[in-house]
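Chains as they are written, first to last, in this note's numbering: chain A, 296 to 776; chain B, 18 to 266.
Just so you know, these hints were derived from the structure itself, not from any lab. Don't take every hint at face value.
Simulated crosslink set (EDC-like; lysine to aspartate or glutamate; CA at most 20 Å straight-line) [to be verified]: (1) Lys127/B - Glu623/A; (2) Lys67/B - Glu737/A; (3) Lys67/B - Glu704/A; (4) Lys168/B - Glu724/A; (5) Lys117/B - Asp349/A; (6) Lys117/B - Glu768/A; (7) Lys749/A - Asp136/B; (8) Lys209/B - Glu40/B.
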Amino acid sequence: MKYTEEDLEQELKTKEYEYGFYTEIESETFAKGLNEDVVRAISLKKNEPKWMTDWRIEAFRVWEKMTEPDWANVNYEKPKFQDIAYYSAPKKKPKLNSLDEVDPELLDTFKRLGISLDEQKKLANVAVDIVMDSVSVATTFKKTLGEKGIIFMPISEAIQEHPELVRKYLGTVVPTTDNFYAALNSAVFSDGSFCYIPKGVRCPMELSTYFRINEGGTGQFERTLVVADKGSYVSYLEGCTAPSRDENQLHAAVVELIAMDDAEIKYSTVQNWYPGDKNGKGGVYNFVTKRGLCETNAKISWTQVETGSAITWKYPSCILKGNNSVGEFYSIAVTNHFQQADTGTKMIHLGKNTRSTIISKGISAGHSQNSYRGLVQINSRAENARNFSQCDSLLMGNACGAHTFPYIEVKNKSAQIEHEATTSKIGEEQLFYCNQRGIDTEKAIALIVNGFSKEVLNKLPMEFAVEAQKLLEISLEGSVG
Amino acid sequence: MLKINNLHASIDEKSILKGLNLEVKAGEVHAIMGPNGAGKSTLANIIAGKEDYEVTDGIIELNGEDISELAPEERAHNGVFLSFQYPVEIPGVSVTNFIKTAINETRKAKGLEDMPAKDMLKMIREKSELLEIDRKFLSRSLNEGFSGGEKKRNEIFQMAMLEPKLAILDETDSGLDIDALRIVANGVNKLKSKDNAVIVITHYQRLLDYIIPDFVHVLYDGKIVKSGDASLALELEAKGYDWIKQELV
Ligand SMILES: Nc1ncnc2c1ncn2[C@@H]1O[C@H](COP(=O)(O)OP(=O)(O)OP(=O)(O)O)[C@@H](O)[C@H]1O
Ligand SMILES: [Mg+2]
Chain A
296 MKYTEEDLEQ
306 ELKTKEYEYG
316 FYTEIESETF
326 AKGLNEDVVR
336 AISLKKNEPK
346 WMTDWRIEAF
356 RVWEKMTEPD
366 WANVNYEKPK
376 FQDIAYYSAP
386 KKKPKLNSLD
396 EVDPELLDTF
406 KRLGISLDEQ
416 KKLANVAVDI
426 VMDSVSVATT
436 FKKTLGEKGI
446 IFMPISEAIQ
456 EHPELVRKYL
466 GTVVPTTDNF
476 YAALNSAVFS
486 DGSFCYIPKG
496 VRCPMELSTY
506 FRINEGGTGQ
516 FERTLVVADK
526 GSYVSYLEGC
536 TAPSRDENQL
546 HAAVVELIAM
556 DDAEIKYSTV
566 QNWYPGDKNG
576 KGGVYNFVTK
586 RGLCETNAKI
596 SWTQVETGSA
606 ITWKYPSCIL
616 KGNNSVGEFY
626 SIAVTNHFQQ
636 ADTGTKMIHL
646 GKNTRSTIIS
656 KGISAGHSQN
666 SYRGLVQINS
676 RAENARNFSQ
686 CDSLLMGNAC
696 GAHTFPYIEV
706 KNKSAQIEHE
716 ATTSKIGEEQ
726 LFYCNQRGID
736 TEKAIALIVN
746 GFSKEVLNKL
756 PMEFAVEAQK
766 LLEISLEGSV
776 G
Chain B
18 MLKINNLHAS
28 IDEKSILKGL
38 NLEVKAGEVH
48 AIMGPNGAGK
58 STLANIIAGK
68 EDYEVTDGII
78 ELNGEDISEL
88 APEERAHNGV
98 FLSFQYPVEI
108 PGVSVTNFIK
118 TAINETRKAK
128 GLEDMPAKDM
138 LKMIREKSEL
148 LEIDRKFLSR
158 SLNEGFSGGE
168 KKRNEIFQMA
178 MLEPKLAILD
188 ETDSGLDIDA
198 LRIVANGVNK
208 LKSKDNAVIV
218 ITHYQRLLDY
228 IIPDFVHVLY
238 DGKIVKSGDA
248 SLALELEAKG
258 YDWIKQELV
């Protein structure tokens, strides 16, 4: 049996989406289209205070005047924004005291995803706030967190219960005017998570959210706000998978992180939205704005494993405002078939002695295009700023592309900036070497890819790292033989 | 154990092996020598199942079974091991992780459970001591930044771990310093038994001072043109290949 690069590519093409099923949960969905009335209706539906409604309306007005950006290295048919339903909530919204009360259909979905809540609970130390089609349906471990004064709840609830906190911080890192998708999100965000860690508190468990898109044709607009008060620490995990859909689904999330003096936020993402079929049909459009603000001595780490979505447009960034603050970005982006990813980070150095590290690992297969786009900006006030960037690309086959767009802007001469980039291919020789030792090609690819991604995988919390490793294998596996 | 009959093989239309015969029985050590480009590595690769080569004629039997249809990993599962002339690097994959995967994949193919971590550890300890390998070395990325000699020693470490039936050592001696040569050769000797066989491909007598071959073959222009006992290697060392070439015309 001869196994060539072509066979390899062929195999990669035949991988089917593992989580491609559709849960039938009764949903209540708004009519398609977007205008001020729809924005008002969303706000009304959620019983929001006036300031929130006004905030949304203002965002909507800004958005209306904006045009969709097209500087990214991705090609796609622009979503028809008037063809999307902007609100979808499961109809059954029981107040849940225990897991027994969760819709059995939903529990089944979780089981198929391998994240049954029962299991999750037993696995301990992970509080899960599950966002299913825009409305949170289950919240656990709230009590333990409550004792420490930690607030972790759907943002819709936080708007009701902690309006002063939400109002104070919402939109301060990603203003409504920031970009097209952020403005859209601000106007119509359905739900998401809110997290507040009080002064000096170390969050005792990983906070975790699973996002799912469920109703066909509904965009999902998550809004996440994490505030770590002075000297606090939190590790936040975000993971998602989505069922197969024929139409493109729009996902435009906004995540804002605020790390006050001496605080640390670790934000980890495993993203596995439906990438479309092997012909490039369908798949999620993922246009995300993620940004964190670091005050003095604060630290923010973004770690992401991106395997899904037809189009990914995502640049988790750090504004290093305070002196001695630290920003980190660790990323693995896998693209296969006709997936396109344009992802990277922005490190904005404002304070003195600020440091940033960027480690980006891009893996491309099939006909996919994988771009790293990163900006390192050292402002004039940022004395002794340092950055280290490393961008590695791994190619499988000859039809895919890897691109690196590093932008460096330095306005202070004391800055030290290092940038390294490599591109490699999984070689026949490597595969034969593995085969000779009894490791078949599929396993060999997984091994090589995991080795390539190791530096980033190591940054993930244990339980997530295992899941991420599995995901990498799934994303690149075929049926050998 | 291994029986090769009238093997013809080519790559990109270029004929390399031209009717090669070789029989290796359990418990034997065979040395294959021959000038550069004669086809020694090609033979090793073909036995291991590398698919770049086209086998145009002849058969290769392992324990009485034709293995021509077997994938390289299946041949490995059947006990074929090749110590590469040029081992490749696999960044980010530690020697330990690699060998663990190799052992467990082989076990899986045989319907066995993964080797318990405890046993694996014990085995790693034993074999690394046998080959005088520093344990720290095992956590490094496979072959990445290894010196030539370290790569070769690591190949033999893997061989020790996998306990193959048929081991082919392709110029394992090149790159080894004098002490390492002795250590590696002693390692190979310790692993030798009446149930397994070793094919040593080498250019020099010095390895054969340690690993004493039962047979020495000269591979020239795609064929085994001369076979003899250990003394043939000494003769080659003294006289080179010209006299053999002349015998042929
Ligand atoms: N992939 C290939 N493409 C083209 N020619 C090849 C290829 N592999 C081997 N050859 C040729 O086949 C012949 C035999 O090569 P081989 O590596 O088997 O020699 P060898 O006996 O191992 O030599 P050495 O002692 O130098 O290691 C050489 O002429 C070599 O150039
Ligand atoms: Mg050779």
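| message | Going through the numbered hints above, which ones does this structure break? Give me the numbers in ascending order. | response | 1, 3, 5 and 7
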